[in-house]
Amino acid sequence: MNYNVNEKGYYGDFGGAYIPEMLYPNVEELRQNYLKVMQEPDFQEEFKALLKEYVGRPTPLYYAKRFSEKYGTKVYLKREDLCHTGAHKVNNTIGQILMAKRLGKNRIIAETGAGQHGVATATVCALMGLECIVYMGAIDIKRQAPNVARMKMLGATVVPAESGSKTLKDATNEAIRDWINNPTDTHYIIGSVVGPHPYPDMVARFQSVISEEVKKQLLEKEGKENPDYVVACVGGGSNAAGLFYHYLDTPEVGIIAVEAAGKGIHSGESAATSALGKEGIIHGSKTLLMQTDDGQITEPYSISAGLDYPGVGPMHAHLFRSGRGEFISITDDDAMQAGLELCKLEGIIPAIESSHALAIFEERKFKKDDVVVVNLSGRGDKDLNTYIDYFKLA
1 MNYNVNEKGY YGDFGGAYIP EMLYPNVEEL RQNYLKVMQE PDFQEEFKAL
51 LKEYVGRPTP LYYAKRFSEK YGTKVYLKRE DLCHTGAHKV NNTIGQILMA
101 KRLGKNRIIA ETGAGQHGVA TATVCALMGL ECIVYMGAID IKRQAPNVAR
151 MKMLGATVVP AESGSKTLKD ATNEAIRDWI NNPTDTHYII GSVVGPHPYP
201 DMVARFQSVI SEEVKKQLLE KEGKENPDYV VACVGGGSNA AGLFYHYLDT
251 PEVGIIAVEA AGKGIHSGES AATSALGKEG IIHGSKTLLM QTDDGQITEP
301 YSISAGLDYP GVGPMHAHLF RSGRGEFISI TDDDAMQAGL ELCKLEGIIP
351 AIESSHALAI FEERKFKKDD VVVVNLSGRG DKDLNTYIDY FKLA
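Heads up: the sequence shown runs through residues 1 to 394, numbered per full-length UniProt numbering.
Just so you know, these hints were derived from the structure itself, not from any lab. Be aware that one or more of the hints could be misleading.
Unchecked claim - Derived pair list, reagent style DSSO-like, types lysine-lysine, alpha-carbon separation capped at 27 angstroms:
| # | residue 1 | residue 2 |
| --- | --- | --- |
| 1 | K101 | K8 |
| 2 | K215 | K36 |
| 3 | K70 | K221 |
| 4 | K152 | K166 |
| 5 | K365 | K263 |
| 6 | K216 | K368 |
| 7 | K216 | K52 |
| 8 | K344 | K70 |
| 9 | K101 | K48 |
| 10 | K65 | K48 |
| 11 | K52 | K215 |
| 12 | K278 | K70 |
| 13 | K48 | K216 |
| 14 | K70 | K215 |
| 15 | K166 | K278 |
| 16 | K224 | K365 |
| 17 | K215 | K368 |
| 18 | K263 | K392 |
| 19 | K392 | K367 |
| 20 | K52 | K70 |
| 21 | K101 | K52 |
| 22 | K367 | K344 |
| 23 | K368 | K224 |
| 24 | K142 | K166 |
| 25 | K263 | K65 |
| 26 | K70 | K224 |
| 27 | K263 | K278 |
| 28 | K65 | K278 |
| 29 | K365 | K215 |
Unchecked claim - Quick list of the computed label-pair ranges, beta carbon to beta carbon:
| # | residue 1 | residue 2 | range |
| --- | --- | --- | --- |
| 30 | E28 | Q296 | 38 to 44 angstroms |
| 31 | K392 | M22 | 48 to 54 angstroms |
| 32 | P183 | L384 | 37 to 43 angstroms |
| 33 | N385 | K224 | 23 to 29 angstroms |
| 34 | K48 | K8 | 18 to 24 angstroms |
| 35 | D370 | P20 | 43 to 49 angstroms |
We treat Cβ as the ideally placed atom computed from N, Cα and C, and that holds for glycine.
Starting from the given sequences, assemble the full structure and let the hints guide the process.
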């Protein structure tokens, strides 16, 4: 079975480009050019140079000794939290800003939930001198204030989405509306492996630098390129797509995707799409999403602003449906405890998104010699207020 996208933009049953006619020219222009542009030697050269000198790649693959001892297995952390801007998001925004410039676009729009993608987009727009408009749910603006301040300092305009649940889904709707109204000069930088084809594939390719590095780093540390398992949290799923990418067709590497169960899978306040989702179309692609019996999208919930998306990217829907990926749902409480545990065992404060991935070791047992690579997708600075409130630290 193939786990990569096919020429029509599908991963198995999932993917495609279900878009209003008004958007067709924008998406089609990108689809016809993205692979060609990405393969140009000067594009690759500029992309790699910026990843090295601006983002600070390669990020370390760190053996978490005390954490490993506690759980009786070998745990390596891929330190995406050490990227410039504090998360993996910048790998993709660097790639897409270079793409936009080559397509002659000078106005950039983006959506953001936790704010990390907004910051990463504002960062590269400042770097390239391009106008930047970021759409963000009004609720997320409140709970991610430091990231809103960063975006404004970087020269971006932050526009609140006041509709629906006032979170990521609604910010995405507003960004799509803007793009329909500004088709010629605007490029929409989608921050995850969601949206109409070619976005899920393009974003996965830009993020695949993560697994590319893991292969080289593991060879150095363990004498083999392949770990036994790769583990990442999944909201839309770009950090996961990046870690899984070079292992998709390597069946001996187990793929574990970790979703946010919120207050419990069946609590009515959850974002566990694999457990609760049915096939549907959201933001231009067919995937698994949480919806009512009559097809209305239900509001997701997670303590983590980056995981409360009502669906998953089509690549992940296919990994789940085909059985290639093992999907585990983690509650708010378990994620918060895992985050605090990493702080105390390893001196690393993780983003709450990443804490979900760390929480699986309490319930999923591994062998002593298993090599488990966990994507530490972001650092916890942006979540300090949530940690403070939860653990009553102040």
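List, from low to high, the hint numbers that the structure doesn't satisfy. 10, 12, 19, 20, 25, 28, 30, 33 and 34
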